[in-house]
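*Asks:* Sequence:
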Amino acid sequence: MAVLDGDILRVSVNFELGDGTQYQNIYHFIRDGSDPYSDAIHVTAIADKMAAAYLTIKDLVTSDVTAQLSFVDRIEFNEIVDEWRVVENIGTFTTTFNPTESIDALPYQSAPFLVFKTQRPKSVGKKFLFPFSEAQQADTVLVGGAVTAMVAYGVQVLAAIELGGDATLTAGIVRTGVQTFLNFLVATVNDIIGSQKRR
Numbered sequence: 001m002a003v004l005d006g007d008i009l010r011v012s013v014n015f016e017l018g019d020g021t022q023y024q025n026i027y028h029f030i031r032d033g034s035d036p037y038s039d040a041i042h043v044t045a046i047a048d049k050m051a052a053a054y055l056t057i058k059d060l061v062t063s064d065v066t067a068q069l070s071f072v073d074r075i076e077f078n079e080i081v082d083e084w085r086v087v088e089n090i091g092t093f094t095t096t097f098n099p100t101e102s103i104d105a106l107p108y109q110s111a112p113f114l115v116f117k118t119q120r121p122k123s124v125g126k127k128f129l130f131p132f133s134e135a136q137q138a139d140t141v142l143v144g145g146a147v148t149a150m151v152a153y154g155v156q157v158l159a160a161i162e163l164g165g166d167a168t169l170t171a172g173i174v175r176t177g178v179q180t181f182l183n184f185l186v187a188t189v190n191d192i193i194g195s196q197k198r199r
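Note that our numbering gives residue 68 to position 68 of the sequence shown, counting from 1, and the numbers run on in steps of one.
Among the hints, erroneous ones may be present.
Said to hold, decoys possible - Straight line, CA to CA, 27 Å or less: simulated BS3-like cross-link-like pairs of lysine-lysine:
id: 1; residue 1: 127; residue 2: 58
id: 2; residue 1: 58; residue 2: 117
id: 3; residue 1: 127; residue 2: 117
id: 4; residue 1: 58; residue 2: 126
Calculated directly from the structure, the hints in this document are not laboratory data.
With the hints as constraints, model all of the structure from the sequences given.
*Replies:* Listed below in structure tokens is the structure:
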């Protein structure tokens, strides 16, 4: 089934950290525009977007981080149980990511993050990035170069994906328990390193 105007895609981007810890970021995109394009074109465009976003931080991440298979799924809101559910997988990809940092990484539960704001103040998207190297912080405060790289990452995520014609994919979030998609409007970078449990 083709991706149509108003459809929402859930993108699970997967990596493996140096000790085998699995790292994942989830993105949501809404499809706008009536021009038809194949599932494969959607997946390729998303893969290119992810590669461009992660390229902005590759010099801050240790070289033992490797990209894993990522998934693009179409989701719909199930009104019976009031939750978003995957209805079909439209494709997979392995993003291009070749980090270069040789200095030891921060502890894996410590990671820089951005907050993507929407028109609803309480509905935000928080994205934790890889644990950067020790050289990218001083007393848990990120150095200027790291903040600049994170801003560039945010700009990449915010920029709509142009599929061709009038068709675009725009990043945002789905509200839990509500059939609502909210576009990301702005990204804010916190220069204080956050903490997130890793699986």
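*Asks:* Does each hint hold? Answer for all of them.
*Replies:* Checked hints:
1. 127 to 58: Given pair residue 127, residue 58 holds - Cα atoms ~16 Å apart, limit 27 Å.
2. 58 to 117: 24 Å, holds
3. 127 to 117: Holds. Residue 127 to residue 117 sits at ~11 Å (cutoff 27 Å).
4. 58 to 126: 20 Å, holds
The structure is consistent with each of the numbered hints, conforming to all of them.
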